[in-house]
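Visitor: Can you make the complete structure from the sequences, with help from the hints?
Taking our numbering, the leading residue of the sequence shown gets 1, the next gets one more, and so forth.
Hints were generated in silico from the structure; no laboratory data involved. Each residue gets a CB set at the ideal place from its N, CA and C atoms; glycine is no exception. Warning: the hint list may mix true and false statements.
What the hints assert, rightly or not - What follows is a set of in silico ranges between Cβ atoms, one per label pair, in the way DEER data are often shown:
hint, residue 1, residue 2, range
1, R165, V188, 53 to 61 Å
2, L166, I113, 16 to 24 Å
3, T466, R187, 56 to 64 Å
4, E388, R274, 52 to 60 Å
5, A201, E388, 58 to 66 Å
6, T224, S30, 20 to 28 Å
7, L176, G101, 56 to 64 Å
8, S30, L122, 32 to 40 Å
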Amino acid sequence: MKSTIGTTTRTWSLRHRLVVLVCLLSLTSSLLGSFWVYRIAVAESEHVFDAALIESGHALTAIVAHEIRELSDPEDSASALDAIDHDHVERLYFQVRGAHGQLLFRSPQSPRIRLGGESTGLSLSTVDGETYRVYTLHSTKHRLWVDVAQPMAVRERLARASALRLVVPGALLLLLLAPAVFIAVRRVTRPVIRYSEALDALPLEALHSVSPHGLPSELMPVATAVSGLVDRVQRALLLERTLTADAAHELRTPLAALRAQAQVALRARDEQERAEALTALIAGVDRSTRLVDGVLALARLDAQTTGPSIMQRDALPMQSLEAVLHAVLADLESARHSGSIQWHVSAQHVQDRIDIDMLGVLMRNLIDNGLRHAKRTLWVDLTTEGGEVVFVVRDDGDGMSPEAIARAGDRFFRADSSQSGSGLGLAMVRRIVDVLGGRLQFARPSTGQGFAVRVSWPLSEAARRTQ
1 MKSTIGTTTR TWSLRHRLVV LVCLLSLTSS LLGSFWVYRI AVAESEHVFD
51 AALIESGHAL TAIVAHEIRE LSDPEDSASA LDAIDHDHVE RLYFQVRGAH
101 GQLLFRSPQS PRIRLGGEST GLSLSTVDGE TYRVYTLHST KHRLWVDVAQ
151 PMAVRERLAR ASALRLVVPG ALLLLLLAPA VFIAVRRVTR PVIRYSEALD
201 ALPLEALHSV SPHGLPSELM PVATAVSGLV DRVQRALLLE RTLTADAAHE
251 LRTPLAALRA QAQVALRARD EQERAEALTA LIAGVDRSTR LVDGVLALAR
301 LDAQTTGPSI MQRDALPMQS LEAVLHAVLA DLESARHSGS IQWHVSAQHV
351 QDRIDIDMLG VLMRNLIDNG LRHAKRTLWV DLTTEGGEVV FVVRDDGDGM
401 SPEAIARAGD RFFRADSSQS GSGLGLAMVR RIVDVLGGRL QFARPSTGQG
451 FAVRVSWPLS EAARRTQ
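Guide: If you want it as structure tokens, here you go:
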């Protein structure tokens, strides 16, 4: 069921938007997390490096004290230091000085200028334009000053390398996230695509909607609304086809009769025969006109797939149902006189918010139907009961058989084929009652004679408050 919209609207892809949004959120959270991990890793590396300096300082003090006891000449300290080895010569520099500040030992490539100061502990020192992190230890027992230093550039490089080793795997996983998200979103939205394709492939003549099986719960209200819309459209199309076919069938006989009467009028030999043919022709035209009017009225009613709710009816103006009834009775006065029918009208003063044209069609069809079948008397009652409007039309005619009552309200059905009606009156009444959300009931009076039609529908909220 494809439709074309006059105005061009810009469409967007749910899949692409979900992929982009999820990737952007993941990228943002990953960047923030990576930055936080990087800062934490750098800070922790500083603590680890400081701890290494302190441990190295204490270990070096013990080694140097041992070396001093074995050396006979402290001047040989430079060559003696070659035996003092460690794993990170290129990253840690040592200086060992005596009690008077003379340099006793130093590591290869370390500057001769003193790295540390006169205070012990951790400090920053700049020597020859390079900044060092220095741990100074003073051993009063051995009368030694030990400085263990590490260039800040080396520390920062090592810290960044350690932090990057933590961040890089996350970045690599992030690169794999986009295709993974796309595949996941594609799988999740696949039922939506299948549902839309099934809707698009649904033929107009189909009598069923598309099953929403497999759709996520968030889309079930949309699927329910679409299914309801499809069902209403299909019902409207079915009603239209049924009405068109029935109308064509019902119009075939009167049109043939009109043609026959016109031919009789053309071949008439005298004025009386011609007048009779023309009278029959006019009667046939009137019947065809009523049939066409009924078909058009039904088409208008069918366009209202659902009637206004009680709350929606409050937007309509308040009307006097009694006045509408008397207007309908005045229109049918000539029909009553021509049939010599007496009617008894009992109308309570009832007000309601309702479409008076629709109400007039309902009342007119029921009263006109009663006048056609009544022998001498017709009873019309308008009242309220339990928050509902009740409208009853009862005649003293021959009534209807149970089989005919079961079909009463069907389109183009006439219980008595000799009657001149179109068979659409009760069908329109039934449709109006459906629109009003009411009930239509047929019954034979307890006396066994006549026929009664009872129509009821709920009062609007505004009318209920005035009761």
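Visitor: All hints are to be evaluated individually against the structure, with a verdict given for each.
Guide: Okay, the hints, checked on the actual structure:
1. R165 x V188: 53 to 61 Å: With Cβ atoms ~35 Å apart, the hint is violated.
2. L166 x I113: 16 to 24 Å: Taking Cβ atoms as reference, L166 and I113 lie about 37 Å apart, which means the hint is violated.
3. T466 x R187: 56 to 64 Å: 59 Å, holds
4. E388 x R274: 52 to 60 Å: Taking Cβ atoms as reference, E388 and R274 lie about 55 Å apart, which means the hint holds.
5. A201 x E388: 58 to 66 Å: 45 Å, violated
6. T224 x S30: 20 to 28 Å: Since T224 and S30 have Cβ atoms about 39 Å apart, the given range 20 to 28 Å is violated.
7. L176 x G101: 56 to 64 Å: Since L176 and G101 have Cβ atoms about 60 Å apart, the given range 56 to 64 Å holds.
8. S30 x L122: 32 to 40 Å: At 35 Å between Cβs, range holds.
Checked against the numbered hints given earlier, this structure breaks hints 1, 2, 5 and 6; the rest are met.
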